Amino acid sequence: MERITEHPILGETKKGREISFLFDGKPLKGYEGEPIAVALRAAGVMTHRYTQKRHEPRGVFCAIGRCTDCVMIVDGVPNTRTCITPLVEGMKVQTQDGVVAKEEKGERSK
Amino acid sequence: MKRYDLIIVGAGPAGLSAAIEAAKKGLHVVVFDENLRPGGQLFKQIHKFFGSKEHQAKVRGFNIGKKLLAEATQLGVEVQLNATVTGMYLDKEVIVKKGDEIFHFKGDAIIVATGASENSVPFKGWTLPGVIGAGAAQTMMNLHGIKPGKKILMLGSGNVGLVVSFQLLQAGCDVVAIVDAAPHIGGYGVHAAKVARCGVPFYLSHTIQSVSGDEKVEKVVIGAVDSSFTLIPETEKTFTVDTICVAVGLSPMSQLFKMAGCKMDDNPKKGGQVPVCNEWGETSIKGIFAAGDVAGIEEASSAMIEGKMAGVCASEYLGYCSSAEQAKDLENMAKDLDSLRQGMFAIKNRGKKIETTMEGIPISTNLLKKGFLSDADIKRFSPTKKIAGVHPVIECTQNIPCNPCQDACVRHCIKIGKDITALPVVDTTKTCMGCGLCVAACSGQAIFLVNEDFSSDYALITLPYEFLPLPQKGEKGKATTRSGEILCDAEVISVKTSKAYDHTALLTMKVPLAMSEKARFFKKVKSYA
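Protein chains in written order, with our numbering: chain A, 457 to 566; chain B, 242 to 770.
A portion of the hints provided could be inaccurate.
As the list claims (entries may be wrong) - Label-pair restraints from in silico Cβ distances:
#1 B/V462 / A/E458: 22 to 30 Å
#2 A/E545 / B/P424: 47 to 55 Å
#3 B/T325 / A/D480: 23 to 31 Å
I should point out that these hints are in silico values taken from the structure, not numbers from a laboratory.
Computed from a predicted structure; not experimentally measured.
Backbone N, C-alpha and C define an ideal beta-carbon position, used for all residues, glycine too.
Using the sequences and the hints given, assemble the complete structure.
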């Protein structure tokens, strides 16, 4: 999704410095300190996790840390609420499948 | 275990207001908030607030938030962020989680101002990425500067649904429809009207049948419902969208009261489970208070007053002020609160069928069903007495507690009177000088300046404009009706901005004289060469 560069009421959007982080092993750009979920949305990532039993996709719902729909594996910690966790340079963000990383799931089940 | 005179849970409008009052009386206060930033939802509220001067009317929510924070800081209130209160016990002890650690605090009094959480509603496809809360949309665009989506359907026509729809338009998103299962728009007519004149259609007595897409929202099907909210076959309409915003009400986050053993009440008028309180917010346990949405869903302006009341009562409870001082403070606060709780949308009037305004004018059903006033409504509310020269035209037809227009006019052209829920009346004996302060001051964007004496063929219409890019002087575009339909050619005569207007630009356009009663918005022509 597009970022808002200038807003009629709020003026110019103020952001931290641009940094890179890893999403499922792929480098993406975002701004330091913004919620991980915002950087992902800007990059067009809508699916944050898949449910354990039915493997259904889930993304951001409440964006204020209440509903836990947007949880992902962040620097190895599963169930991290990405809508309220600030982005840090070099962060490793992984799509969560059940409670493990989707990109590693294939290897584990071998 | 650290002890405080007063522990406040939640640093939103109610919690901060409570902290300020208590700190003024000399209490040692701490405020815990689970978020990274204080202010609760205030910093996402970019519209001008309703009410009167005492309620900070016409000030935008985030600016009220800044003021509250500055005042709390100045008074030495300690605000602990990233601190989630996970438990509250009988002896006014609380458990606070900060990161991976748990801390234990004791308060001599506690004010819980935890606010509310958004409701959701299940429909086929409601878990798909792209279905978000309306509050989530506000958080994304107004705090983090990102569009929640490109094409959005809003479910819910209460004030949250209406205000967020307008904010989505301001952020540059496309709102394809506002859908509500109820037969009438739930929020203020003026909020609906400002979205409708941008061309957003309303579908009342409709609901979402299904949302579908490959891993994300791509399509939504809505359908009409009957009086028992059952879908009527073959009424489906399909929209291509990438986002669904759900604005179907709020529920008080009152779990802490239950945990502490406070007497609870399941009250649908207040939004669900709330603690039983006296009129000042004291629960069944002495020294534990509730303030703001957690005590019953209202809005930020009343939450701030409730916070102040609880702050004063906690001070008196702990002996920091006399009961005479408390009574004096409460009397004024109660008056302010009472004036906000009047009118057609007041809690006490919820569910009542209102057919006329307090002035005895039959209400506009078009406004309730379609979001805009019909030509017949306009004739009924503003009798067609011709006024020479520039003058305000006020399209405010519901009794809501709001009066900044009356204060804005230095010539006293606009009268509401003492009862702030009364409809504003233009005093034709006074002469308007066309300053436009009333246009900018109206939180509902319902005031226009009309000059039908501009020339023999043309009239000038001045309207509030809060979008980017701002049209330029001399720009040719289209004037639209109240429903957003293209009416005629329009030329921009001026676009005024001023600090006093607070980011509401005043756009004056020239339209054919015959259109002066219909033209209410300016639409840019995209491919204009």
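Right, here's what the structure says about each hint:
The hint said 22 to 30 Å for the Cβ distance between B/V462 and A/E458, and at roughly 26 Å that hint holds. As the Cβ distance of A/E545 to B/P424 is approximately 53 Å, the hint placing it in 47 to 55 Å holds. Our hint of 23 to 31 Å for B/T325 and A/D480 holds, since their Cβ atoms are close to 30 Å apart.
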